[in-house]
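Peer 1: These are the residues of each chain, in order.
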Amino acid sequence: MRTRLLLVTALLIGLTVPALADRRDDAKAQVSFGIDVAQKGLWKEATQRWLMAVKIDPTYAAAWNNLGIGYEQLGQFNEARDAYEKAVALEPNNNFIRNNYDLFREIYDRQNRRRSR
Amino acid sequence: MTARTAAVAGSLFLLVSAGAGCVSFYEIPVETPIHAKLDVTPFQRVLVAGFLAGGSKNIDPNAETARLLRSQLRSKSDLKVIDADVLSLVEEVDKQRGAAPVADSDEPRIKTDKDLAEYEKILNDKEFWKKLGEEYQSPLIVTGSILFTEVSKSGNVSRMATTTDPTGRQEYKEVRSFVNMKGYALSPKFVFIDGRTGEQLYAESFHEEALYQEGQNTPALSSYFELMDKLLPGFLNTLSTQKIRGTRILIK
Numbered sequence: 008m009r010t011r012l013l014l015v016t017a018l019l020i021g022l023t024v025p026a027l028a029d030r031r032d033d034a035k036a037q038v039s040f041g042i043d044v045a046q047k048g049l050w051k052e053a054t055q056r057w058l059m060a061v062k063i064d065p066t067y068a069a070a071w072n073n074l075g076i077g078y079e080q081l082g083q084f085n086e087a088r089d090a091y092e093k094a095v096a097l098e099p100n101n102n103f104i105r106n107n108y109d110l111f112r113e114i115y116d117r118q119n120r121r122r123s124r
Numbered sequence: 005m006t007a008r009t010a011a012v013a014g015s016l017f018l019l020v021s022a023g024a025g026c027v028s029f030y031e032i033p034v035e036t037p038i039h040a041k042l043d044v045t046p047f048q049r050v051l052v053a054g055f056l057a058g059g060s061k062n063i064d065p066n067a068e069t070a071r072l073l074r075s076q077l078r079s080k081s082d083l084k085v086i087d088a089d090v091l092s093l094v095e096e097v098d099k100q101r102g103a104a105p106v107a108d109s110d111e112p113r114i115k116t117d118k119d120l121a122e123y124e125k126i127l128n129d130k131e132f133w134k135k136l137g138e139e140y141q142s143p144l145i146v147t148g149s150i151l152f153t154e155v156s157k158s159g160n161v162s163r164m165a166t167t168t169d170p171t172g173r174q175e176y177k178e179v180r181s182f183v184n185m186k187g188y189a190l191s192p193k194f195v196f197i198d199g200r201t202g203e204q205l206y207a208e209s210f211h212e213e214a215l216y217q218e219g220q221n222t223p224a225l226s227s228y229f230e231l232m233d234k235l236l237p238g239f240l241n242t243l244s245t246q247k248i249r250g251t252r253i254l255i256k
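So the sequence lines, in the order shown, correspond to chains Z and Y. Take the first sequence: its letters are residues 8 to 124, numbered as in the numbering used here. Take the second sequence: its letters are residues 5 to 256, numbered as in the numbering used here.
Bear in mind the hints are in silico, worked out from the structure with no lab data behind them. Hints are not guaranteed to be accurate.
[Stated by the list, open to error] Here are the simulated lysine-lysine pairs, BS3-like style, with alpha carbons at most 25 Å apart:
1) K51/Z with K157/Y
2) K51/Z with K256/Y
3) K193/Y with K35/Z
4) K157/Y with K130/Y
5) K247/Y with K47/Z
Only a predicted model underlies this, so the values are computations on that prediction, with no experimental measurement involved.
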C-alpha cells in the first residue's frame, strides 16, 4: 500500500514538476527580455513583458518585483504597490525585493500624504 | 523513513532547488515621477508676492524666500515669473489694523507661532488677493508664512571611533557623548492663490531643522539655504511633475 502511494506521488510529481518548470522557463524568458529592454530605457515594453511573465507564472516573485519597478517608473503607483506586495508575499525573506518595496513605499506614502492634505 | 521515501524526498528537494536556480540581479537607475499637486494650466504667470515672515532677526526670511522661489520657478517651471517688489504682509496687516509702526525696526513683529496666528487671517482675505491679482493680470499667486527660528538641543549622540589593538588590528567602537547642539528651524507654509478669484487653491506646511555642534559657527543665511534646499522639491512639485532619482534591483 505504502509503495503504491509513493509511486502515485512520484508519478504526480513527475507530471507536474516538468509542467511547472516549463511555465517558469517561459516566464523567465519574458523577465529576461524585460530586463534587456528596461536597461535600454524602454520601460513600457519591459513592463508588458513582466506582466506576461506573472500571467504565465503567478508564483514567480522576481517577475512581480520587476513589474513593481516598471509600474513605479511609469508613475502607476497603485499597480506598483500591488505588484511589490505580491513579490514580498511570495518571498518575504528576499532582501532585494524588500529594499525595492521599502524605497517605493517612501515615495508612495509621501505622495498619498500630500493628496490627503 | 524507508530508503525509497528518502529518495523521493531527496529528488523533490533537488527539483525544487533546480527550480530556484541561481538568482541574477541587475541594479538599474530609475526616475520615479511625482505628479504635480496643482493643475496650473489656467495660468501663464506666477507672482511670488511675499510672506508673513518672522523668527530670527539674523536674516529677512520674506525677501530671501521670495528671491529663492522666484529663481527656482524661473528655471524649473513653465510659468513666467513676474518681477515685482516683495510685499511685506506683516506691514499690510498692521496697516489694515491701524497698528502703530514698530519702534525698533530690527525686531521682527512675528517671533513665535502664536504671533504668526494673529497675522494669518490675511492669507484667507479673498478681496485682498483678488485686488492684487487684478494688478498683475490674474496670475497664480504664491504666498504663505515663514518662521525661521533659532533652536538649541542637548543630548547623547553616538559616533564610531577606531582603535588599534596591540596586534595592529583596527577595531570600531560606538562612543556615546553628551553634546550641546545649536541651529535653526524653518517652518514655511506655502499658499497658492488663484489671482482671478482670490481663492486659496492649495496650501502645504513644512518643517525642517539643522543642528550644529556648539562652537561650530554656521551663519544664519547658510543654514537657511541648507534648510530650503530640503524643502524646495516639495514646493516645486506643487506646480510641476518632479522626478525622484534612485536605483532599484531587477531580478531574473
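Peer 1: K157/Y and K130/Y: Cα distance at most 25 Å?
Peer 2: Violated, at roughly 40 Å.
Peer 1: Can the restraint linking K247/Y and K47/Z be considered satisfied, given a maximum Cα separation of 25 Å?
Peer 2: Distance of about 18 Å is within 25 Å: holds.
Peer 1: Do the alpha carbons of K51/Z and K256/Y lie within 25 Å of each other, as the hint requires?
Peer 2: 18 Å, holds
Peer 1: Starting from K51/Z, check that the Cα of K157/Y is at most 25 Å away, please.
Peer 2: 49 Å, violated
Peer 1: Hey, K193/Y versus K35/Z, does the alpha-carbon distance stay inside 25 Å?
Peer 2: Measuring from Cα to Cα gives roughly 50 Å; hence the hint is violated.
Taken one by one, the earlier hints fail for this structure at numbers 1, 3 and 4, listed in ascending order.
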